[in-house]
Structures are given as structure tokens and as C-alpha cells.
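S.K.: So for the sequence shown, the numbering used here puts the first residue at 1; every next one is plus one.
In case anyone wonders, no lab produced these hints; they're calculated from the structure. If you're wondering where the values come from, they're calculated on a predicted model, not measured in any experiment. A few of these clues could be false.
[Unchecked claim] Derived pair list, reagent style BS3-like, types lysine-lysine, alpha-carbon separation capped at 30 Å: (1) K89 with K65; (2) K103 with K490; (3) K550 with K178; (4) K615 with K651.
[Stated by the list, open to error] Using C-beta positions, here's what the derived DEER-type ranges look like: (5) N706 with Q205: 31 to 41 Å; (6) T532 with G339: 56 to 66 Å; (7) L659 with R58: 53 to 63 Å; (8) K651 with E486: 35 to 45 Å; (9) K885 with T913: 15 to 25 Å; (10) K539 with L659: 47 to 57 Å; (11) P970 with D87: 47 to 57 Å.
Glycine included, each C-beta is placed from N, C-alpha and C at the ideal position.
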Amino acid sequence: NRRTTRCHNTGTAPSLSQRGGGLLLRAVSFSSSRCHGVSSGEGSAQPAESGSGQGQYRDTVLLPKTDFPMKLTGQKLLDKELEIQQDCKFADLYSWQRERKAKKEFCLHDGPPYANGDPHVGHALNKILKDIRNRFEMLRGRQVHYVPGWDCHGLPIELKALGELGTSGLSPLQIRQKAREFAEGAIARQMAAFQRWGVMADWDQCYYTFDGAYEAAQLKVFQEMHSKGLIYQDYKPVFWSPSSRTALAEAELEYNAEHVSRAIYTTFPLATLPPNITKEAGLDSVSVLVWTTQPWTIPANQAICYMPNAQYSVVKRLDNSELLLVATERTANMAALLGTELEVVSTFTGSQLEGGICKHPTIPSKEVPLLPANHVTMAKGTGLVHTAPAHGMEDYSVASQFKLSVDCIVNEDGKFTELAGPELHNLSVMNEGTDRVISMLKECGSLVKEERCVHSYPYDWRTKQPVVIRPSKQWFINTASLKDKEALQKVRVLPESARSSLLAMLDRRTYWCISRQRSWGVPIPVFYHRETGEALINKHTVSHVAQLFKEKGSDCWWELPIETLLPASKAGPVGDYIRGEDVLDIWFDSGASWAAVLEGTLKSDSRADAYVEGKDQIGGWFQSSLLTSVAVRNKAPYKSLVVHGFAVSEKGEKMSKSLGNVVDPDVVINGGKDPSTPAFGADVLRWWVAESNVFSEVQIGPNALNSARDSISKLRRTLKFLLGNVHSFDPRSQAVDPKEMHYIDQYMLHLLREFSIKVTDAYSEFDPGRVIRVLQAFISRDLSSFYFSIIKDRLYCDPEDSLGRRSCQTVLEEILDGVTRSIAPILPHLAEEVYLHAPGHDEGETLFRSGWIKSSSVWRRPGLEEAVEGACAIRDSFLSSIPGKNSAQYDLTIAIEPGLLFELMESLQEEPTSTSSQLCELMMSSRVKLCSELPRDLPSDALLKHGTFLINLEGGVIREDSAYSIAVVPTSAARCPRCRRFTAESTDCLCPRCQTIVSQSQ
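Use the sequences and the hints to build the structure in full.
M.R.: Right under this line is the structure:
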């Protein structure tokens, strides 16, 4: 049962604050009184100072001793990290843990970084975050499955590999060879960096999407999806990048919010009035007014769409008497835009427009029907939508419904084809082509207004150039039938807010274009009939090609004769067919990684425990992996998704070379040429990742890195104090049983157990930031400001082998072990360095091969918390009564009425008066007197204080609100020259405890 204790002071005590989730109410504002004279930190003054006439006893005091350095900087730090990696066999750790017996497995599937450049801080954020979780799982006894991978195909690699050469005059195999060499170089550089960061992984068995076995597994997924009718070939509009000369999927687009278009309002003369409104008078020369941000698509217009349920009006311009048809609710906007009044001539519903036919403004012989459509909105424009089926997704849907032609007037280079007419042929549609179309509309009198429109527009994510929508024959996945919301609902998403983004992106995606017109990728295993162009693809042909890829790699698609690639079939002679030239979208490459890496390698469930990537993968790898896995296995490939933010500068800006704010992780670790960029080492980089709120944008720069270094320096000081005080202690033979320990020592074991539970929970929740907060609170509040200040006298001045000192050392060793293991997933180099200096294990043993924090439930004893926390409440009343004074110079009388609290204090001090009891140690006073009521003969200068302490045992079964009083008087005792406590008879005389120890040592 969880026990809570409460105290209340009367008099001048400051307010008390709750500690440890309701376990202890103890003042936090007494650092000055706690720390004055009685050391409260790891590097404070020691007893028996030399040069003060007391140095003669220095050799009898057991001061901390360790060769663990307080500080490591510069080249010494870098050498130490590399030495630790070598001596502690970091490179062998993954294979060691895979070979050991373990009941449970933890699989974190690595999303493959792109093999097209040097390692950057985004890589560091991602890889270190994964490694922190993997190391934690490995420490707590699980068998970790983590195979790093690389995404190796695609246009960015192809472009960088070819550089100035371009593809001109190169065969597909030559292009592929250069691209492969470039990717391999990038992989080598990235892998070396990941290993330097301390990432534990199967570095000998990484996966690469250009590996033949991987490609074969990918084709198996392709074949299964094709067999289910989910993959098909079609001629329809796709996002097309003229700068890359290839089709793109939605995930390969970046939307530029600052894109500027030349938007126009133009008229289409109504040649045939709709049958339902012909009776209206004076509508002989009406023109339909449309708006578009893409004037170049006007020559491809096949229809004008209206909203059937909306109201439409014929309006008359008062400045030139022109009759225009617009949506009724847009008339006011139109009047303001045109700068003239619009007089409503007649109004009717959209459905009455059915049957109307317009004349195309620049192609007079072309008829343009008025058609109903659901995608028409009234947010912008005129409420009448120009429709070019070849160059718009929604336009294409209208064409499919009404059997309109889908004639493409744009080629692969983004230029008008002959079909657009001689005036436009070979002009770039986004530049001079747009200029010419606008001029043509002016010339025929149809242009009503042109305006500059800033809006969001899709760009090619690789070339940073605008794309166009144009139809071409491509291979598609029917994603509409794969949107299994239930599969995603079973997945845990961190943060939960990312789930809605993933669902929204899935909803927007009706089909996925998976064919690319490039050379560097996995060939789509399809053959086309020379005469008819009909595609030949089936289970038999795809399986055959997959086997060839597995044996020889996908280069064989170009190397082998078609007779080897295409097995004999009923489709006709092999010579009648040619191989396809398209390759698969790289999102399909990486999206099949679950099949290539996880299938058949996990012990139980073939799903990964977690996928951990940046938020850009919501529309990328998370989605492509989900779609392919649901298609083949009807389940998600992951049990949980962790979505982290991006690394940004300290000003919150995206990093770019032009802004000069790029942080290079290699410079962070090894230092730069400039003295202002010191060598921080890998652990500082790892601390930066752990300390950050990874679920938002993660800032990095000098301030963040200096802060991380300072935090680790403070941690080193605490670890040095702990190591120094257990240097002569062997826990295997000298440890004290918890039942025989001092109460304060037992209480610290209880707090250590609470700490270990919180740390374990935080790691389990992918929240290393919480681990650091819990750690820092434990060190500053429970150790430095509390326990360390209380125990130093016993630690330094008691006999070396006494029960009290060994009790204290037992706890310090447990704390050292617990703290070191708690930081190990974040700071593996520091943790192993500490472990090399720590007692209690054989030489050559490493921390990461010895398990997680070892806390015991027996450390929680009934009554223990109440005894110590009750004493702490009294202690806080005492310290608050002498603010800024040295508590060791005062005698303390504690009066408690007979009851539970009195019994608890008696367990800390059996005799009525003591200078050496556990209660006196806790109070840090010269002497403590424990009685049932305050003496009547108190001196006049005595400070009095009263308070209450609520004891709540067994879930409230036992409750007692106990009152106490204290009297504080300056002590008459002298300061002992050895221990510096005020317990001696005179200034030149040792106290009884020290007298005994010194005489025995002589």
C-alpha cells in the first residue's frame, strides 16, 4: 500500500513541499541552513583541514579516493571514448546479445536513411533516439532485433552521381554503376558516423535496397499485390516533374506556399443555352466566366463544371453591358474585382444549367459542355470551374464519368505538344507557354482580368522545381481498397496527435503511382508485346525475374537476353516481347522492408515493436509500409509508431548552408577549426538528443551543446564522489543486509527503488527527457542536498569497518550502480568508464553485459518511510528556526506525546539524549534529547517551534495526526578537531568517538 505522510509547522516555518509523489513532505528552501558547516555536495570541505592546527588527524580520516577524473575535455575525452568503445567491445555487443538466451525479443525496425550525402544532425537525432531505446531493452534482458538499412535507389542519387555529365550518351547500366558507387560511398561515411555515435547494431548484416536478395523480396510483395488486382496499369493524370522527366507520387512532393501564379478570369461564350432556361428573355449573348491559376491548361479544356444545388445568376456589367454567368454568392466579389456594378438579370439553380454548351475561346470549333460536379466550391473564383481532364485529378474524374477525351498537350519536358497547335508547340507551359495563352485570350477578347496569385503549389522534392499534372501510362496501386483504418487503430502512436495526420494523408490518397521513368531503381518486371503494346505480367513471370534478381542483382534486367528473363509461356514466342523500362518508386522499395528484413527473422510476431522516424515519414515510409503490409498480410507492420520532430537551429530555423546555421555532428564530436567549436564527444551529442523534447522541433547550437556538456560535468562530480567513497569496499563480501542498516540508509534504498521504477517507465515510453529530469531531481534533491550531507561524518570519521560505515557504503554502491545503469542507454561511454572504476565485479566485465538496475522489493519496510519522513519534518522545523546558521552548533530537544510518532522516533534514538544516534545524525545537530514534553527549565534564549505530522499507514487503516514541539539552544560543547562536530569537552580535546578511533589506530 502507498503510505503518505503530512506535517504542519506552527511558528515561523516556511511552507512545506511534497516530495516523491506524496511520500514525503519536506521543506526545499533550507539549502543555506542545511549546507552551512555541514557539507551538502560532492566537492565540499572535509574534516580535519590541514593548516588549521588540525592536520595532525588528517591521516585518520577516511576521505574519498579514486582516479576517476573529475573532468575530461579535448583530445583526452575523444581518446577515452574510442578507448572505451575498443576495450568494452562496443562492436561485438549486438552479436553477443543476439546469441544469449532471452525470453522476450524487442524489434525496432530501422527506417532506411537515404544514401545520398554525409551524416547530419537529423541522422544523429534519429539514430541516437533509437539506440537509447535499444540499449535499454538489451540491458533489461530482451533480445534486440535492430538491422540498420539504407535506401539506395532514386533520382537524387542518380543526379548527384552523374553531376555535370547528365544521362546523355550513357546506357542504363553505366548510369546504374555510377549511382551504385556514389551510394556505397555515402553509406560508408554514414555507417562510420553512426558507429562513432555509439549506435549498437548488426553492422555486418545491414540491409540495402540495391541488394539482390532485398529486391527479390520486394518483387514478391509486388507479385502478391498484382495477383490481388491491387496493382494495375492505366493512362491517367499524375504529378509529373519536367525537371526530373519522371512521374512522382504524392510523397515525393513539397508544397511551396510562396509560389506565384498568373491567375486569370476568362469567358467562354454560351453557344447553346440550357433547355431549362431558354425561355428567359435577353440571354442571347451570355458568356460563362471562369477562373484558373494555370492559364496554360485552357487549350486542353473539355468542360465547365457547376454545383447542382447552388444558385447561379446572369449579371450585366454596367460599364460595358456584357452578360456574365457566375454563382450568385460570388457576384459581390466579382463586382469588387471588376470595379463595376453587376446588375442581376436572372437567377436559377445549378441543375438548370444542364445541357448548356459553350464555345472554346481560342479553338472556335470546339464545343464545351456545362457539367455537374461535386468538387466545385464557392471559396474562390466564380463558382464555375474550367475543366481540363488531362491536367487535373478532379477534372479526370469528371471525364471518366462523362466519357470526355483525355488529350495530353504537354510532353515529358513540360512543353506543349503539336496537339496544342502551331502557336504553342514547343513552348514551356509554365513560362512562355503561359504568356502566349494569355496573349491569345486577350486577342480574342475573352480575357476579363489577370492577377498575381500567391498560393501553395507542388514542387519536385529533389529538384525544387514546380511540377505539372499530365496523363501518362503508369503503374498504380489502388490504395482506396487498402485504407484499413482498423489496422491503424491497433497501432500505438506517439505522440497520439500524429495519428490524425496519418489518417488524413491516407484519406487523400486514392491511388499511388509507383512507376518511374529512370534507370536507377528496381525494374518493374513487365514485358510488352512489340505490336500491340499489351503488358505481360503474371505470377510465373514475376517469380522467375525475382529469382534472377536474388542470384544476380537487378542489373541483370539489362544484362541478360530476353530469352533468359522471360520464361516460355502461352502468351506467344519470347521474341514478340520487349522488356519494360520503368523502375519502381523508391517509396515502394523502402515500404517493402518489413518483407525483406523482418519476415522469417523474428521469433514470434512478424511485426516490429516500433518504427521510429521523423514526422516527414507520416506521408512516406510509415504510409508505404502500412499499405504494402495490409495488402499482403492484412495487418500493419508495426505495433507502435514513434514520430519525432526535426532538428533546427537555436533560433528555430530550418538548417541551410545559405543561412550558415548547419550543425555538423562530426564537428560537434571532434571540434572544428575555430576555437569556439570545442570537441564535445559523442556522449554530449547523445545527451542533447535525450534531453530534448523529441516530439516537437529539436533545437541544436552552442547553447544546447554547452548545456549538455555542463550537465554531464555535474553528473561526473556526483559519480566521482560515489566512486571515491566506495574505493575500499567490496559489495560481494562487505555489504550489509538491509535489515541491519541505519534507517536513513534503508530509506535511501527505498528512494533508489522508486527512482529505478520511474526511470524504467520513462525509457519504456520513449521519453529519455523524463529519464534525465528524474535523474537530476534524484541527484540534486535526494543525494547532494539530503543524503550526502547527512552521512559524511559517518563515512569519513567512523571506524573503517564499522557497521554504520559499511551500511552507508553498501547504499552508496547500490546508488552508484543504479545511477550508472540508469544513464547507460543515454551515455554508454561514461557508464562503461564508471563501471571500470566501480567495485564488485570481475576485471573485463562490462556494464552492458551485466543487466539493468537491480532494485529489490524488500527495500520497502513497513514503518521505515514514516520514521525517516517524520524525522525529516522535525528536522525541517529545526533548520527553519536557525536560518543561515550551522545546525551542528545547536542542541535540539524534541517533545512528542506518547503515540506512533514517538515510537517511530524512539526507533531512531533509544536513549533519551544522544550525540551519535541515527536521529542526531539526521538532525545534523550537536545533541538530540527525545522526551514526551518540553522541560520547564529551558534557557531564555531557547527557540521554540511546534508542528504536526500525519501518519497514514496501510492505506488509511491507521491514521494519526501527531503533534511535536522542539526547543533549540546553542550547544555548550566544543568543536572536535578531527570530525569538526560540536561534541568535545574543550577545543583542544577530541570527542569520545574520535578519541577511541585515534587511540586504536596508534
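S.K.: Could you run down the list of hints and mark each one as holding or not?
M.R.: Cross-check of the supplied hints:
1. K89 with K65: Holds, at roughly 28 Å.
2. K103 with K490: Satisfied, since the Cα-Cα distance of roughly 24 Å is no more than 30 Å.
3. K550 with K178: 21 Å, holds
4. K615 with K651: 20 Å, holds
5. N706 with Q205: 31 to 41 Å: 38 Å, holds
6. T532 with G339: 56 to 66 Å: 58 Å, holds
7. L659 with R58: 53 to 63 Å: 58 Å, holds
8. K651 with E486: 35 to 45 Å: For K651 and E486 the Cβ distance comes to about 43 Å; the hint holds.
9. K885 with T913: 15 to 25 Å: 21 Å, holds
10. K539 with L659: 47 to 57 Å: 53 Å, holds
11. P970 with D87: 47 to 57 Å: 56 Å, holds
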